[in-house]
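J.: One line per chain: the protein sequences are A and B, in this order. If you count the first sequence from 1, position 5 lands on 5 in my numbering, and the numbers rise without skipping. If you count the second sequence from 1, position 96 lands on 96 in my numbering, and the numbers rise without skipping.
A portion of the hints provided could be inaccurate.
Stated by the list, open to error - Take a look, some chain A residues computed to stay more than 12 angstroms from chain B by CB distance:
#1 A2
#2 P8
#3 T13
#4 K15
#5 S27
#6 G28
#7 S62
#8 D63
#9 R64
#10 S66
#11 G71
#12 Q83
#13 S87
Stated by the list, open to error - Selected chain A positions facing chain B (in silico; Cβ < 10 angstroms):
#14 Y48
#15 A93
#16 E102
In case anyone wonders, no lab produced these hints; they're calculated from the structure. All residues carry an ideal CB built from backbone N, CA and C; glycine is no exception.
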Amino acid sequence: GAGVSQSPSNKVTEKGKDVELRCDPISGHTALYWYRQSLGQGLEFLIYFQGNSAPDKSGLPSDRFSAERTGGSVSTLTIQRTQQEDSAVYLCASSLNEQRYEQYFGPGTRLTVT
Amino acid sequence: LAKTTQPISMDSYEGQEVNITCSHNNIATNDYITWYQQFPSQGPRFIIQGYKTKVTNEVASLFIPADRKSSTLSLPRVSLSDTAVYYCLVDAPGYSSASKIIFGSGTRLSIRP
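Make a model of the complete structure from these sequences and hints.
T.: And the structure:
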């Protein structure tokens with residue numbers, strides 16, 4: 001079956017612009033995560049969706065970051081008024097349920113803010 | 001919060017067994033230990049998960065001592081394709097907030113011919 005997909009694969013934007021990053025999780029997976037990975041660094045947790053529960057937003061670095069998950073499937077991460085420090089690879093992952101036994105990652109979106 | 005510590009980098013040769021150790025002194029009762037592998041320009045990929053003693057699958061073994069304050073990922077007979085970054089995670093699936101998931105900086109493993 002299809003894995004986790006993300007779009008776009010690359011995004012270059014000017015400082016101050018808004019961007020939207022999309023994630024399509026594996027069908028049937030109820031848990032969805034967003035992470036950020038700066039060059040040569042580990043993964044930084046951003047936000048977690050599980051079923052119909054309120055999302056865990058505790059990792060979002062500022063109020064410029066927000067995310068939605070529509071119909072329990074596709075998720076969109078929005079960054080408003082982008083800054084150069086937002087440049088990173090944004091990774092999405094899904095897992096079967098809240099047990100988080102195994103996370104399946106997408107290929108990521110490389111965001112460059114100029 | 002269970003912080004993990006891993007070596008920044010390791011080198012080995014094809015055909016050798018590689019052991020990567022992760023320290024997690026503050027591991028909690030409900031925590032599991034999970035290892036992921038990441039190749040350049042790709043998302044991490046699940047390798048193995050365990051709670052105690054030893055777990056083995058088709059690609060690796062995971063050794064966890066009785067006190068669970070460390071764990072060792074063992075890769076048998078590595079090949080060039082095992083060159084990647086390996087992350088150790090300590091997490092309590094279903095028991096804690098997802099913000100407890102901390103990947104850390106990982107161990108960069110380089111395999112030489």
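J.: Hey, does G28(A) actually stay past 12 angstroms from chain B on C-beta?
T.: At about 17 angstroms from chain B, G28(A) clears the 12 angstroms cut-off, so the statement holds.
J.: Just checking, S27(A) versus chain B, shortest CB gap more than 12 angstroms?
T.: holds (18 angstroms)
J.: Would you check whether the claim that K15(A) is not at the interface survives, using Cβ distances to chain B and the 12 angstroms cut-off?
T.: At roughly 25 angstroms from the nearest Cβ of chain B, K15(A) sits farther out than 12 angstroms, so the non-interface label holds.
J.: Against chain B, does A2(A) hold up as non-interface, every C-beta pair farther apart than 12 angstroms?
T.: holds (14 angstroms)
J.: With chain B as the partner, please determine if Y48(A) meets the hint condition of a C-beta pair closer than 10 angstroms.
T.: holds (3 angstroms)
J.: Just checking, T13(A) versus chain B, shortest CB gap more than 12 angstroms?
T.: holds (20 angstroms)
J.: Taking the closest pair, is the beta carbon of S66(A) still more than 12 angstroms from chain B?
T.: It holds; S66(A) is separated from chain B by about 16 angstroms at its closest Cβ, greater than 12 angstroms.
J.: Would the least Cβ to Cβ distance between G71(A) and chain B come out above 12 angstroms?
T.: Holds, since 20 angstroms exceeds 12 angstroms.
J.: Hint check: is the beta carbon of A93(A) less than 10 angstroms from a beta carbon of chain B?
T.: Cβ of A93(A) sits 7 angstroms from chain B, so the hint holds.
J.: Grab the minimum beta-carbon distance between S62(A) and chain B and tell me whether it stays above 12 angstroms.
T.: Non-interface label on S62(A) holds, nearest chain B Cβ at 15 angstroms vs cutoff 12 angstroms.
J.: Decide, holds or violated, for the assertion that all CB atoms of chain B are farther than 12 angstroms from the CB of S87(A).
T.: Its Cβ never comes within 12 angstroms of chain B, the nearest being 15 angstroms, so this holds.
J.: Interface hint check: E102(A), Cβ to nearest Cβ on chain B, cutoff 10 angstroms. Holds or violated?
T.: holds (4 angstroms)
Going down the numbered hints, you'll see the structure goes against none, and every one checks out.
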